[in-house]
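A.B. asks: Note that the sequence shown covers residues 63 to 169 in this note's numbering.
Hints in this document: simulated from the structure, not taken from any laboratory. Think of the CB as a built atom: it goes at the ideal place given N, C-alpha and C, for glycine as much as any other residue. Misleading hints may appear alongside valid ones.
Claimed, not checked - Pairs of lysine-lysine residues, derived as DSS-like cross-links and limited to a Cα-Cα distance of at most 27 Å, are as follows:
(1) Lys-115 - Lys-154
(2) Lys-154 - Lys-96
(3) Lys-96 - Lys-140
(4) Lys-115 - Lys-133
(5) Lys-138 - Lys-115
(6) Lys-69 - Lys-96
(7) Lys-115 - Lys-96
(8) Lys-139 - Lys-115
(9) Lys-96 - Lys-148
(10) Lys-138 - Lys-154
(11) Lys-154 - Lys-139
(12) Lys-140 - Lys-154
(13) Lys-133 - Lys-148
(14) Lys-115 - Lys-69
(15) Lys-148 - Lys-138
Unchecked claim - Derived CB-CB ranges, DEER-like:
(16) Gln-119 - Leu-83: 18 to 28 Å
(17) Ala-93 - His-165: 17 to 27 Å
(18) Gly-153 - Thr-122: 22 to 32 Å
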Amino acid sequence: MKNSSMKLTFIITPLMVVLVLGSYFYSLWAAEVKRRDEMPQDGAAALSRDLLKYHEQTGTFPEELRPLVGKVWDAKKKREFDQTGKVFQHGKVFYLYARRTPHLFSL
Numbered sequence: 063m064k065n066s067s068m069k070l071t072f073i074i075t076p077l078m079v080v081l082v083l084g085s086y087f088y089s090l091w092a093a094e095v096k097r098r099d100e101m102p103q104d105g106a107a108a109l110s111r112d113l114l115k116y117h118e119q120t121g122t123f124p125e126e127l128r129p130l131v132g133k134v135w136d137a138k139k140k141r142e143f144d145q146t147g148k149v150f151q152h153g154k155v156f157y158l159y160a161r162r163t164p165h166l167f168s169l
């Protein structure tokens, strides 16, 4: 009986070590994925590109960001603007837009 329990120990111990190490590495990976998903993504370059595309189409920058919906942006997607239409929220980042002249803007 003692000999068969030793054989069983040699089978179960490596399986338990693999299980513990697998759980540990999975928890590290899951924490990294969660941290990466919570990081704000900067979209200022894409927003500037879209504003330049609007400028090419109309010859002027818009007074507010709402006119981009339908001309440059997909109208089906819901966009979050403030009451003035100059503050745009995308994810966890807020973008403040100001038109300086018809051919100059700040973001």
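A.B. asks: The structure should be examined with respect to each hint, and the outcome stated for every one.
C.D. replies: Comparing the hints with the structure gives:
no. : hint                          : in the structure
1   : Lys-115 - Lys-154             : 24 Å, holds
2   : Lys-154 - Lys-96              : 15 Å, holds
3   : Lys-96 - Lys-140              : 25 Å, holds
4   : Lys-115 - Lys-133             : 9 Å, holds
5   : Lys-138 - Lys-115             : 19 Å, holds
6   : Lys-69 - Lys-96               : 41 Å, violated
7   : Lys-115 - Lys-96              : 34 Å, violated
8   : Lys-139 - Lys-115             : 18 Å, holds
9   : Lys-96 - Lys-148              : 31 Å, violated
10  : Lys-138 - Lys-154             : 21 Å, holds
11  : Lys-154 - Lys-139             : 17 Å, holds
12  : Lys-140 - Lys-154             : 15 Å, holds
13  : Lys-133 - Lys-148             : 17 Å, holds
14  : Lys-115 - Lys-69              : 71 Å, violated
15  : Lys-148 - Lys-138             : 20 Å, holds
16  : Gln-119 - Leu-83: 18 to 28 Å  : 57 Å, violated
17  : Ala-93 - His-165: 17 to 27 Å  : 47 Å, violated
18  : Gly-153 - Thr-122: 22 to 32 Å : 28 Å, holds
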